[in-house]
Amino acid sequence: MELVKIEALLEKYFEAETSLKEEAILKSFFSSDQVPTHLEMYRPMFAYTVSESKLKDQTPYRIRSKKRLSPYMKIAASIAVVVSIGIFAREYQQKKQAEYAYQQTMAAMELIANQFDKAKQSIGYLEVYENSKNKIFKKIDNR
Amino acid sequence: MNQLEFSNTVISLQDKLFRIAKRLLVSNDEAQDASQEILSKLWEKRSDLDGLRSVEAYAITMTKNYCLDRLKLKEASNLRLVHSNYESASDHVQRTIEHQDQLDLIDAFLKTLPANQQLLFQLREVEGMEYDEIETILDMKSTAIRVSLSRIRKQLREQLFKMNSYGIS
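Chains A and B, in that order, give the protein sequences.
When the first sequence is numbered by numbering that gives the first Met the number 0, its final residue is 142 and no position is left out of the sequence of numbers.
When the second sequence is numbered by numbering that gives the first Met the number 0, its final residue is 168 and no position is left out of the sequence of numbers.
This is chain B alone, in the form it adopts within the complex:
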C-alpha cells in the first residue's frame, strides 16, 4: 500500500476511529491520542494491509484493543474517570437545545454499560455497520449481538420513558 492508497483508505477512517475511541475513553484528548497512535501503527504496517479482507474492521479492532488496554491501565492505577468532567459543549454544537437534556441522559446511560456494549452501540447505531462486520470486530456470535443490542435499545427506551413521565433524569 503506497502513500496515496493509505491516505484514501486508512486516513479516511480517522473520524470513525476517533469516535469509537471517544465512546470508550470519554476524554477528547485521549481519543485523539488513540486515533493518532492507531494510524501511525497502521502506517508502519502498511505493507501488510493489502492482504486483509477489511482494513476498516482491522483498524477498528486495533482501536478497540488499544482503548481496552488504556482502560485496564487506568483501573490498575486506580485513576477513575469522572465522566461528566470531560463533556465539553463544543463537541455537540449541532444538538438542538430543546433536546439537550434527553441527549445528556442517553450519554449518561451509555456510560453505565460495559465497554463491549458501548462499542456495540457505537458500531451499529452511530456508525451504521452491518452485523457481520460487528461480529468480527467484537468477536461475538450474531445471535448474541442481537440479544445484546435489543436489550440496550429497550433499556434506553425505558430511561426516556421514565424521564418523560416523571420529568427526572
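For reference, chain A alone in the conformation it holds in the complex:
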C-alpha cells in the first residue's frame, strides 16, 4: 500500500467517512512494521482496537434448563411427604408412651425402696428389743 493512499485514508478516517474495509486496511497497515516515523503516533489507536477485540469472557455460559416435574410426580411427592409425616408422628407418640410407662415404673420402684428403708429401720428397733430381752433373761438365769 502506497503511503499517499494511507495518508488519504487516515484523513477520511478522522472524518468518519471510511468503510469497514478501509478501516481494516488501516488496522493491518499500522500493525505492520512499515510504519514511517511521522505516522508512528497513530499506531496505538489501531493497536488498541485490535487488542480490545481479543478480550474473552472467562466463564463460558451453560444452558441451565429448568426441568419441570410431571403432574404425576408432583402427586407422588406430596403423598410421600404426607405419609412420612404420619409415620414420624406415630413413632413420636409411641416413644412418648414408652417414656411415660418408664417413669411410672421408676416411681413405683422408688416407693418400694422407700418402704424397704422404713422396714430396715424397724428391724433396728427389734434388735434393741432383743438385747433388752436377753439381758433380762440372763439375769434370771444367773440367779
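One or more of the hints may lead you astray.
Residues on chain B that point at chain A, a partial pick, calculated with CB under 8 angstroms [unchecked claim]:
| no. | residue |
| --- | --- |
| 1 | Met-61 |
| 2 | Arg-145 |
| 3 | Asn-163 |
Heads up, incomplete: computed chain B residues facing chain A, CB under 7 angstroms, no partners named [unchecked claim]:
| no. | residue |
| --- | --- |
| 4 | Asp-14 |
| 5 | Gln-31 |
| 6 | Tyr-57 |
| 7 | Lys-153 |
Don't read these hints as lab results, they were simulated from the structure.
Backbone N, C-alpha and C fix where the C-beta goes; we use that ideal spot for every residue, glycine too.
The hints should help you fit chain B onto chain A, whose structure is shown.
Leaving out everything else, chain B in the frame of chain A:
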C-alpha cells in the same frame, strides 16, 4: 429456536456481549455477570428470537440497557467507580510492553466519555460493526453517529499527539 440453534447463534455472541459490558461497567466481574444474565434472559425468550431481524442487534441492545441500568443504580447509591482499580494486567496479555503507556492513555481517555460514546467506539472500532446496525442499537441517526465518531477519533489523536510531544499523559 432449539438448543443447538441457540448455541450457534446466541452463545457465540458471548465474548462480544462481555466486551461491550466491560466497556461500560469496567469491572471484569460485573461484565461477566452481565453476559451471563443476558444469555439467560435470551434463553428464556428463545421462542421469540426466530422472528427477529437480527438476534445480534437485539442481544447488544439488551446488554446496553442492562449496563445503563446498572450504572444508574450505582450512581443512585453513590457508589462511584474507581476505574483504575479494575484494570488487571491479565486482561491484556497480548499488548506489547512498549505500547502499554499509550494504550493505558487511550483506556483512560475513553473512560471520560459519556456511556453512549463509549458504546459507539466499542461497536465501530473494536467490534467492527456497520453503521446501520449501530443506528438501531444506539437509536441514533447515521449523521449523528458519524459526527460523534469523528469527534472521538480526533480527540483521541489529540491525546496521543500531546503525549508524544510532551511525554506526559
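Hint check results:
1. Restraint check, B:Met-61 versus chain A: the minimum CB separation of about 14 angstroms is more than 8 angstroms; hint violated.
2. Interface restraint check for B:Arg-145: the shortest CB-CB distance to chain A comes to about 4 angstroms, inside 8 angstroms, so the restraint holds.
3. The closest approach between the C-beta of B:Asn-163 and any C-beta of chain A is roughly 5 angstroms, which is under the 8 angstroms cut-off, so the hint is satisfied.
4. Below 7 angstroms, beta-carbon pairs count as interface contacts, and B:Asp-14 has one with chain A at about 5 angstroms; its hint therefore holds.
5. Residue-level restraint check for B:Gln-31 holds (minimum Cβ-Cβ distance to chain A is 5 angstroms; threshold 7 angstroms).
6. The beta carbon of B:Tyr-57 is not positioned within 7 angstroms of any beta carbon in chain A (closest approach about 16 angstroms), and the interface hint is therefore violated.
7. A hinted interface residue such as B:Lys-153 counts as satisfied when its beta carbon comes closer than 7 angstroms to some beta carbon of chain A; here the least separation is about 6 angstroms, so the hint holds.
Checked against the numbered hints above, the structure violates hints 1 and 6; every other hint is satisfied.
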